[in-house]
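*Asks:* Sequences listed follow chains A and B, in order.
Everything in the first sequence is counted per the working numbering, starting at 23 for the first residue and increasing by one.
Everything in the second sequence is counted per the working numbering, starting at 23 for the first residue and increasing by one.
Be a bit skeptical, because a hint or two may be false.
Covered stretches of chain A (in silico footprint by chain B; criterion: 3 or more residues with CB under 8 Å from a CB of chain B, positions within the stretch not fixed) [unchecked claim]: (1) 319 to 332; (2) 344 to 358; (3) 370 to 380.
The set of hints was computed from the structure by calculation and includes no laboratory data.
Heads up, the beta-carbon is just placed ideally off N, CA and C, and yes, glycines get one too.
Protein chains: 2
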Amino acid sequence: MNNHRYCVIMCGGVGSRFWPYSRQDKPKQFLDFLGTGRSLLQMSVDRIEGIVQPQNIYMLTNEQYAPIIREQFPDMRPEQILLEPCRRNTAPCIAWAAYHIHALDPEAQIMVAPSDHLVLKADRFRDSVLKAFEFIERTDAILTLGIKPHRPETGYGYIQVGDHVGGNFSAVKTFTEKPNAELAQVFLQSGEFYWNSGMFFWSAQCIIESIRSFAPDIAQKLDPGMGIYGTPGEKAFIEQNFPSCPSISIDFAVMEKAPNVYVECVDIGWSDLGTWGSLYEISPKNVDGNVTQRCKALMVNSRGNIVAVEGDKVVVASGLNDFIIADADDVLLIVPREEEQKIKLYVNEVKSKFGEQYL
Amino acid sequence: MNNHRYCVIMCGGVGSRFWPYSRQDKPKQFLDFLGTGRSLLQMSVDRIEGIVQPQNIYMLTNEQYAPIIREQFPDMRPEQILLEPCRRNTAPCIAWAAYHIHALDPEAQIMVAPSDHLVLKADRFRDSVLKAFEFIERTDAILTLGIKPHRPETGYGYIQVGDHVGGNFSAVKTFTEKPNAELAQVFLQSGEFYWNSGMFFWSAQCIIESIRSFAPDIAQKLDPGMGIYGTPGEKAFIEQNFPSCPSISIDFAVMEKAPNVYVECVDIGWSDLGTWGSLYEISPKNVDGNVTQRCKALMVNSRGNIVAVEGDKVVVASGLNDFIIADADDVLLIVPREEEQKIKLYVNEVKSKFGEQYL
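Here chain A stands alone, though its shape is the one from the complex (with noise of 0.2 Å):
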């Protein structure tokens, strides 16, 4: 294994969008979601397990969720939970975390990862994240790994390929961020638009350039720490000058200036279980088109529904169709599929009416 290869996990996500399945104390990469044992931030680590050493895998989360961290690695140090003092998007946060890992090994190449999408391919995962960290070794690059879209998704950012490099890589030509339905369309049939699966890959060096050269007020905020990173003092600077970053995604910040972005185009089972929707897509269903894995469920003259209920309860449900019925602690949710993207709004509603604590 290759010392110098690193994994930043970002884990601080409030997932919002599975409420109420996902709350604000446990999202839902800290949940067992497929009933595997497993949550998915577990299984994000262990699918990179043989590729980069357990102490070159770090957790960029907040405060809040550091004690489920730790109880869901009991061998992890300290040092490997980076803790953001607040929410600033992905850009100030992954500069943070290649400044920590530069300090610590000028060296170091790293693969940026979300803890709560899915793979079902490992193997093909496993191939192409090698391959990934084997290219950004040989090629001063900012890569990412591509998806091979196959349906017309309004929800995720789309990258263009451009020249064929070798193998699955190729140019970033550009990237388009949730088109709406008909570009989304015109993308899916083009056959030359991949999902951008937010998986990255650059040595510490380049993107601590990139971020000099595309984000010069998140470099100027923590360009200072130089010197302090991996020390004792890192965390009082953090304290100081993270909060002052601007809040952007690297996306935006640098992927969509940088020249030298390049895409790995993959197939491993990806799903960024990012809505009910997409779960619904990739669970298995029975013959009425109703996904009710999780739970007892009768079903009666009830189709394509998906169920999600805690623990050991029945469920019994009689002429709904495509709803997403989900029930965790304190909350029941029935809500037709189509309005997935309202869950937001509806959890919103219940703050105001009810309070915080049901969120």
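Assemble the complex: chain A is given as a structure, and chain B must be docked to it using the hints.
*Replies:* Just chain B, lined up with the frame of chain A:
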């Protein structure tokens, strides 16, 4: 207060039509169904306070529910709880109660009442009960309370009134059990028919003699206990003889056959609370016709639902019209209101599919 007045409250039913709210180990009569702080059974006892002396109130139930009754009525003497060894419908247990009370007080006048009905006009109810006792104290009669129908309900028994005998009292002409919709409509329009409330009044002597005349197979089993009732030998006698009584309702065994049956036509704000539909009907509704009195609910684009959810749970529902949404312990039920009569079937299916523990 007349010391010869007694009340027998039948509280051994399982209430399966209100599943999952009503459960086999705690049927609806023991639940604080309306969130008033008192169970339906406790309210049934509260209603006759001052009319029947506390020590003259008897609970007719089975072994399983004795602990709940003791808990809800800590001052009640154990002798006031009559435990059927098995279920034999209403006639045998009403007969036993009559024999038992007759042994203690041959002049006893008995009111028989269900434990799971609702009476909204308590003052009128008390007045009706007092008049009923006075009626049977001067007439050797079998008396039932009749409720003026306001919808063509097919789930109830109907009483056709005959000759008026003073006050609100009339002789009974016919009994009709659960008519079809067409007939129920005719009954409603005729003005001659009343719902059978299941509340009866008679002297102990009168009902025992009626049973001897019209249900001799019950009298044959229970008559030999004369001299044993009210003594320590009663329990063993009942355990031996009660199970061989036929399973038959008091309506069918006696009311429909006896010549001296009368009805007091009353307006007491009665609901049998037998179904979700009847609970929906009597409950306050919001502007969208949703009944959500027991829980915090965000109902979006949803009308005519009844939402019954235990505890401090929040329900978010969208696009649901005329549904029953009931969540209790380990069961979640979401079915159209018009299917309320099918709930018993669903209970059976859940039993065979997932086990007895959900009943």
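*Asks:* Taking each numbered hint in turn, which are not upheld by the structure, reported in ascending numerical order?
*Replies:* Result: no hint breaks.
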